[in-house]
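> Chains as they are written, first to last, in this note's numbering: chain A, 493 to 820; chain B, 493 to 820.
Take these hints with a grain of salt, some might be off.
A pair holds if it fits inside one copy or across any two, identical chains being indistinguishable in the list.
Stated by the list, open to error - Cut-off 25 angstroms, straight-line C-alpha distance, at most; resulting in silico cross-link-like pairs (DMTMM-like, lysine to aspartate or glutamate):
#1 K550 / E658
#2 K604 / D498
#3 K550 / D601
#4 K710 / E772
#5 K710 / D782
#6 K501 / D727
#7 K549 / E754
#8 K527 / D601
#9 K604 / D575
#10 K549 / D689
If you're looking for bench data, these hints aren't it; they were derived computationally from the structure.
There are 2 protein chains.
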Amino acid sequence: MATIKDVSKLAGVSVATVSRVLNRSGYVHTDTEQKVLHAIKALNYTPNFVARSLSNKKTSTIGLLVPDITNPFFPELARAVEDVMQLYGYTVILCNSDESASKEKHYIDVLKQKYIDGMIVASNALSVEDVREFDMPVVVVDRLIEGDTIPTVMSDNRKGAQMATEFLLGQGCRKIAHIRGPEHLLNAEERCQGYLDVVQDIDWFDRSLIVSGKYEMKRAMEATLELLRTHPDVDGIFAGNDMMAIGAMRAVQVLGRTIPYEIEIVGYDGIALSEIVFPELTTIAQPIYDMGALAARMLIKQIEKQPLDSLHYCLDVQMVERGTTRKG
Amino acid sequence: MATIKDVSKLAGVSVATVSRVLNRSGYVHTDTEQKVLHAIKALNYTPNFVARSLSNKKTSTIGLLVPDITNPFFPELARAVEDVMQLYGYTVILCNSDESASKEKHYIDVLKQKYIDGMIVASNALSVEDVREFDMPVVVVDRLIEGDTIPTVMSDNRKGAQMATEFLLGQGCRKIAHIRGPEHLLNAEERCQGYLDVVQDIDWFDRSLIVSGKYEMKRAMEATLELLRTHPDVDGIFAGNDMMAIGAMRAVQVLGRTIPYEIEIVGYDGIALSEIVFPELTTIAQPIYDMGALAARMLIKQIEKQPLDSLHYCLDVQMVERGTTRKG
DNA sequence: CTGTTAGCGCCTTCAT
DNA sequence: ATGAAGGCGCTAACAG
């Protein structure tokens with residue numbers, strides 16, 4: 493691998509000059525610039541990023557921390573992040589935390605040592621203080637750190653949940669249940685709240701209509717089986733995410749009831765999977781790709797010391813009507 | 493951030509000594525080691541990887557090149573790679589190539605400049621020469637570069653395809669079609685060949701029983717619709733991957749035929765999705781996680797100059813009987 | 001066992 | 001407009 497020194501020698505100039513043409517910094521005569529450019533081409537020279545990083549204190553690398561890339565929500569997010577980062581000349585390191593605080597901390601340490609320029613966190617075993625201790629640009633996705641100064645992008649969970657629930661009501665459902673996500677996740681809490689906003693004052697409502705599915709398909713399936721045993725008259729289900737909605741579909745199918753005629757189901761997220769099951773899942777779609785792309789842009793702005801237009805972004809969600817609910 | 497110099501000062505020793513205790517290289521008296529350790533703790537010192545990389549020529553970072561992390565096959569692979577890399581102190585940079593040669597080349601260039609230690613390639617817009625030009629440790633996954641010296645891990649596509657086809661035959665199918673993947677992908681070619689191995693000498697066989705689905709669900713659905721129009725008597729379908737198998741399921745469902753009673757379907761890959769559709773998909777499962785983990789281990793061996801037990805690994809696949817084929 | 005010193009490759013004043 | 005030289009933080013001879 494040729495170094496800047498080789499280039500300078502071949503071009504008959506000093507390394508400083510080569511550096512100048514490389515970075516378009518400072519003045520350099522057109523002729524000498526040409527000489528340098530030729531030398532560069534002749535040697536097939538490309539600058540060594542590591543060396544550059546050392547003197548720059550900028551690695552053009554960011555970290556992306558997700559719970560598990562295997563969870564269908566995150567590939568879309570990761571793809572978005574990677575796309576825009578790539579566009580701006582950054583490179584992204586992928587980290588799976590499994591929502592374990594110790595794993596997360598370990599990653600943070602490693603990434604800090606590697607002097608990454610910033611990170612996008614879509615996993616939250618960590619507390620606000622932990623995140624603040626990062627002491628580098630950060631954007632948190634889909635996990636609000638309430639009322640804080642840490643930049644955030646998320647979607648309007650509560651409103652989305654209200655939309656879903658109201659939609660089921662509008663479809664004529666007489667008893668709507670909710671399969672909720674993990675208690676410790678704010679977004680699960682908000683979605684549950686949105687459901688409550690709509691149904692809690694209706695006469696048929698009862699807290700036992702809310703069951704827990706841990707954002708997992710299997711759990712949701714079991715929870716639904718149990719739910720339909722205690723409440724055989726449930727005719728609408730709003731699941732806190734698509735995976736659980738699919739679990740619910742399974743349970744209903746196992747019981748031999750037909751979707752959407754006997755029971756209607758609405759999910760949340762709008763992951764690609766929702767179009768792959770049959771019937772296709774009606775869902776509240778978050779703009780997953782947009783969220784990732786926005787987070788990436790926000791992070792870059794911070795890294796490049798540009799002002800952020802807003803600290804917190806809450807993107808709109810969209811109702812996508814498909815096969816698990818009846819048409820008009 | 494404290495530097496090694498700060499530590500050396502505080503401990504009253506030279507930087508060399510600090511470096512020695514840091515890397516457990518060379519001798520150092522227990523007492524001075526203690527002093528150093530204390531200084532390290534006192535200053536909360538952690539070494540700067542960038543600086544280390546510069547003098548080491550080792551970044552402990554590898555690249556993972558996939559076509560698209562959004563394609564359900566790759567998250568599982570990525571997860572495996574990340575898991576073992578993490579175990580050995582490496583960090584992984586994720587790259588989506590969209591199977592575009594120019595994108596791939598661009599990535600390679602960037603990663604080279606970043607002096608990554610090696611890379612795992614699960615995408616192949618590139619030719620053998622291109623890959624050899626990487627001039628760094630590489631492992632190619634699921635894409636054989638035929639008869640070459642580049643380390644490879646894949647699964648036994650041909651045998652797997654034979655298993656699938658024979659299984660359908662054994663189930664009593666009278667006319668078995670194949671939905672194949674892209675012509676330019678070797679694994680698609682091999683799977684098609686495996687199908688042919690089993691059926692080409694049977695009287696009902698006809699080349700028009702092979703249709704192309706591009707490894708995509710939608711295309712496969714359309715292809716299946718068309719297939720069942722020309723060959724209404726097809727009662728078994730072997731799809732080159734699970735996504736296409738799901739597309740085929742859709743087509744069959746749309747036509748109002750029942751799975752598995754009127755038509756049986758077998759997929760290939762064993763992605764998580766295959767358990768999520770209903771009926772659950774019978775498939776030839778590749779050990780995706782194992783393949784990723786093995787590739788990662790092979791890469792590390794190369795990086796650390798250890799000998800590879802074998803240049804090419806071909807892992808066994810497994811028939812997983814589920815709902816899209818009849819039992820007993 | 002420990003310290004001195006010369007790199008690793010690049011950037012950036014400071015002179016000229 | 002260009003060059004010389006110090007520094008980024010760490011490692012690895014080479015002395016002692």
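> Look at each hint and say if it fits the structure.
How the hints compare with the structure:
no. : hint        : in the structure
1   : K550 / E658 : neither (49 angstroms within a copy, 57 angstroms between copies)
2   : K604 / D498 : between (32 angstroms within a copy, 18 angstroms between copies)
3   : K550 / D601 : both (17 angstroms within a copy, 19 angstroms between copies)
4   : K710 / E772 : both (19 angstroms within a copy, 14 angstroms between copies)
5   : K710 / D782 : between (29 angstroms within a copy, 24 angstroms between copies)
6   : K501 / D727 : neither (79 angstroms within a copy, 73 angstroms between copies)
7   : K549 / E754 : neither (61 angstroms within a copy, 65 angstroms between copies)
8   : K527 / D601 : between (44 angstroms within a copy, 23 angstroms between copies)
9   : K604 / D575 : both (23 angstroms within a copy, 19 angstroms between copies)
10  : K549 / D689 : neither (49 angstroms within a copy, 59 angstroms between copies)
Violation of the numbered hints given earlier is confined to hints 1, 6, 7 and 10; the remaining hints are satisfied by the structure.
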